[in-house]
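Line order of the protein sequences matches chains A and B.
Using our numbering, you'd call the opening residue of the first sequence number 17 and step up by one each time.
Using our numbering, you'd call the opening residue of the second sequence number 46 and step up by one each time.
Since the hints were derived computationally from the structure, they do not count as laboratory data.
Hints are not guaranteed to be accurate.
With a cut-off of at most 20 Å between alpha-carbon atoms, the simulated SDA-like pairs for lysine to any residue come out as follows [claimed, not checked]:
| hint | chain 1 | residue 1 | chain 2 | residue 2 |
| --- | --- | --- | --- | --- |
| 1 | A | Lys18 | B | Ser102 |
| 2 | B | Lys595 | B | Pro496 |
| 3 | A | Lys65 | B | Ala287 |
Chain A regions said to be covered by chain B (calculated; three or more residues, Cβ under 8 Å) [what the hints assert, rightly or not]:
| hint | stretch |
| --- | --- |
| 4 | 67–80 |
| 5 | 137–146 |
| 6 | 160–171 |
| 7 | 176–190 |
Quick caveat, the model's predicted, so the values are computed rather than measured.
Note that beta-carbon positions come from the ideal geometry of N, C-alpha and C, so glycine has one too.
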Amino acid sequence: MKDQLRPALSMLIVLTVLTGLIYPLAVTGLAQLFFPEQANGSLIVQDGKVFGSKLIGQHFDEPKYFWGRPSATAPFPYNAAASGGSNLGPTNPVLIDAVKARVAALRIVDPDNDLPIPVDLVTASGSGLDPHISPAAASYQAKRVACARSLNENSVLALVSMHTEERQFGVLGEPRVNVLELNLALDELQDAVVSPDRSRP
Amino acid sequence: MTINGLVQIVLFFGVLLALVKPLGWYMARVHEGKPCGLDRVLGPAERSLYRLCGVCSHEEMTWKTYAVAMLLFNVFGLLALYLLQRIQGLLPLNPQAFGAVAPDLAFNTAASFTTNTNWQAYGGESTMSYLTQMMGLTVQNFVSTATGMAILVAFIRGLARRSSQTIGNFWVDLVRSTLYILLPLAMIVALLLVGQGAVQTFDDYKTARVVQPVQYEKPVTDGNGQPSLDEQGKPKTEPATAHHQILAVGPAASQVAIKHLGTNGGGFFNANAAHPFESPTPFTDFLLILAETLLAAALTYTFGVMVGDTRQGWTILAAMLAVLLVFVLGGYLAESAGNPRIATLGVDHAPSSVQPGGNMEGKEARFGIARTAIFAAATTATSTGAVDSMHDSFTPLGGLVSLFLMQFGEVILGGVGSGLYGMLVFAIIAVFIAGLMVGRTPEYLGKKIEPYEMKMASLLILIMPIVVLGLTAVATVTTAGTASILNPGPHGLSEILYAYTSQGNNNGSAFGGLNANTVFYNTTGGLAMLASRFWLAVLTLALAGALARKKLTPAGPGTLPTHTPLFVVLLIGVVLLVGGLTFVPALALGPIVEHLLMMG
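Required output: the full structure, derived from the provided sequences and hints.
What follows is the structure, encoded as structure tokens:
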């Protein structure tokens with residue numbers, strides 16, 4: 017046993033340096049060289065200010081914005097420093113009540129719409145930071161958003177389809193709409209409509 | 046179920062199968078000490094590593110020396126990781142200024158990462174400094190995997206060698222696994238991840254100004270940072286508005302790559318592979334599933350090469366993948382069907398070309414149901430335990446898929462190394478049972494299976510159920526155990542059963558509603574992980590030593606061929622029977638009762 021003490025200790029030190037220091041540093045160096053934008057969080061920067069990340073959702077509950085997936089992070093939704101899901105089981109009354117409340121909230125701001133609500137819009141995501149909703153969840157909200165902004169519903173729908181990503185390579189995952197990017201585009205569109213002289217030279 | 050979902054499932058199995066032979070062949074070259082290509086570049090580094098550590102690479106070890114070396118290395122690893130967590134507050138690369146991890150949590154985490162379990166009773170982005178993640182957790186991600194692989198090749202040598210006292214050199218197996226297999230693959234996977242959007246930076250957490258400020262109830266804390274309670278004992282809150290979002294970042298991709306390749310599973314962030322900074326796109330989800338199944342699957346081919354008959358490896362792989370396919374489809378069906386209690390609330394959960402539908406609670410929109418079902422089955426069939434969705438929110442039968450796959454003892458692919466040596470023990474039991482039927486001395490790969498081997502094999506399959514069911518029983522009858530439950534009714538039992546099943550099989554996934562960060566769960570879980578990993582590892586090495594000493598018995602007319610479809614069926618039967626008989630009563634009380642309640 018004594019013969020193995022020195023190799024055991026020195027192996028741990030050497031492998032720690034190799035896999036715990038050299039390896040992550042090498043990956044960081046290559047990542048920063050080839051993919052600097054992605055490696056630093058795919059940030060959305062306008063006029064030098066950071067408005068979020070393309071990959072991390074934000075909370076929206078005003079009628080003029082598209083709403084994203086419900087988020088179970090604490091103490092506020094879409095807390096990107098404490099990711100996580102609700103972990104509520106399928107038969108837990110707390111889950112059923114939460115879904116009821118979300119359905120009610122969507123109905124209140126859109127009383128004329130009695131279509132069934134796409135399930136991803138009333139169930140919390142796994143990360144609590146899901147940046148996407150399904151195209152169905154976006155079209156469900158298009159009329160409400162158009163009304164709240166006094167925009168034409170078709171121009172809102174056109175914006176939605178511009179921000180719809182298809183399955184990756186045509187096969188993988190699900191079609192999806194990035195909520196934050198869509199809402200930023202909406203704000204931009206409305207600025208152009210409401211104060212057209214701003215966009216003039 | 047949709048056509049696209051089925052195509053995604055077929056695609057996964059197809060790509061995995063295509064990679065088994067080339068990678069398995071390469072790993073056999075590495076472990077037989079033959080030229081493998083990379084040794085031209087890394088050979089000098091390998092040799093200077095041995096010199097530095099005082100290892101004589103040509104010295105062979107008996108199984109006892111091999112076990113001692115393995116245990117010493119892991120004990121030092123455990124202690125180092127514990128210490129690092131306790132003093133992280135004093136060390137650099139800690140931009141969020143996290144303090145020391147509490148002793149019970151640090152013990153649990155150290156046990157978890159050295160045993161290749163990666164059970165996490167903490168949230169990564171709110172607990173661990175960059176330095177701890179790298180020099181503690183990433184390191185164990187590598188070396189616990191390399192340890193598993195080393196034990197496997199020692200076991201294969203035991204089967205392949207005749208009248209031999211030795212089974213290889215632990216240090217050589219450890220170093221060659223790390224240097225020639227894990228590091229190059231991890232580099233490739235990490236860079237692919239970053240290219241898709243996974244983060245890899247040493248910057249502080251980023252601050253973003255949110256588009257719409259968020260009104261919320263902020264918990265009130267007293268002077269010591271403890272939550273204040275009102276008269277009814279509920280935490281006090283005050284209205285607040287958040288104008289900013291703090292984006293946790295860090296050197297994540299490098300750790301995520303090895304956490305999947307090594308069937309480890311411990312997330313850099315709390316939400317694990319559901320977090321968009323760990324797995325930003327459907328392709329990264331595909332890649333991570335492939336990574337976590339790749340080595341375990343390819344090692345069956347390595348095994349075939351090393352025992353001189355690749356059909357033996359394919360047979361084992363066929364049994365593993367057949368079971369996995371059935372469970373992937375089962376999980377996919379259960380989750381696509383959705384939650385009937387939500388469907389009645391004016392919600393549309395029918396899958397279509399514009400929405401995933403199904404049970405979306407705890408799942409990500411970019412992955413949908415099919416990807417999540419493949420991931421959940423693959424992560425529990427292998428001993429990875431990473432998650433791309435919250436298993437606690439699965440339908441009862443969807444959750445049962447994950448529970449049952451772990452309860453087979455992590456032999457359906459299983460952990461890197463540990464899965465295959467576990468399955469080979471089941472193969473030995475299978476030939477034993479077949480031998481009993483015809484009244485002949487059983488043999489496997491020309492080695493007679495005698496009382497000593499059967500004793501070891503029986504011990505190997507009995508320890509896990511005793512640990513899992515014993516601790517579950519204790520937790521369900523003590524307040525310390527039941528106080529942590531989140532979901533009421535039979536689901537609460539499932540949460541406890543899942544916790545010990547996961548830790549007792551070195552998986553690491555969780556029904557996350559259970560508050561596992563208590564002294565009770567941290568301690569009992571930590572002990573379960575250590576017992577399952579190292580007790581089994583030592584017995585496996587003892588079995589390897591005994592097999593290596595045996596002479597070769599030439600195959601006679603009464604020998605059961607172990608490369609036939611018949612043997613695939615026999616092997617699956619034994620695995621299902623042992624797992625089924627042991628755990629079905631507990632499963633009936635948890636997920637099955639809950640399913641009946643949900644449908645009723």
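Each hint tested on the structure:
no.	hint	in the structure
1	A:Lys18 / B:Ser102	holds (17 Å)
2	B:Lys595 / B:Pro496	holds (13 Å)
3	A:Lys65 / B:Ala287	holds (17 Å)
4	67–80	holds (count 11)
5	137–146	holds (count 9)
6	160–171	violated (count 0)
7	176–190	holds (count 7)
This entry does not satisfy hint 6, going by the numbered hints stated previously; all others are met.
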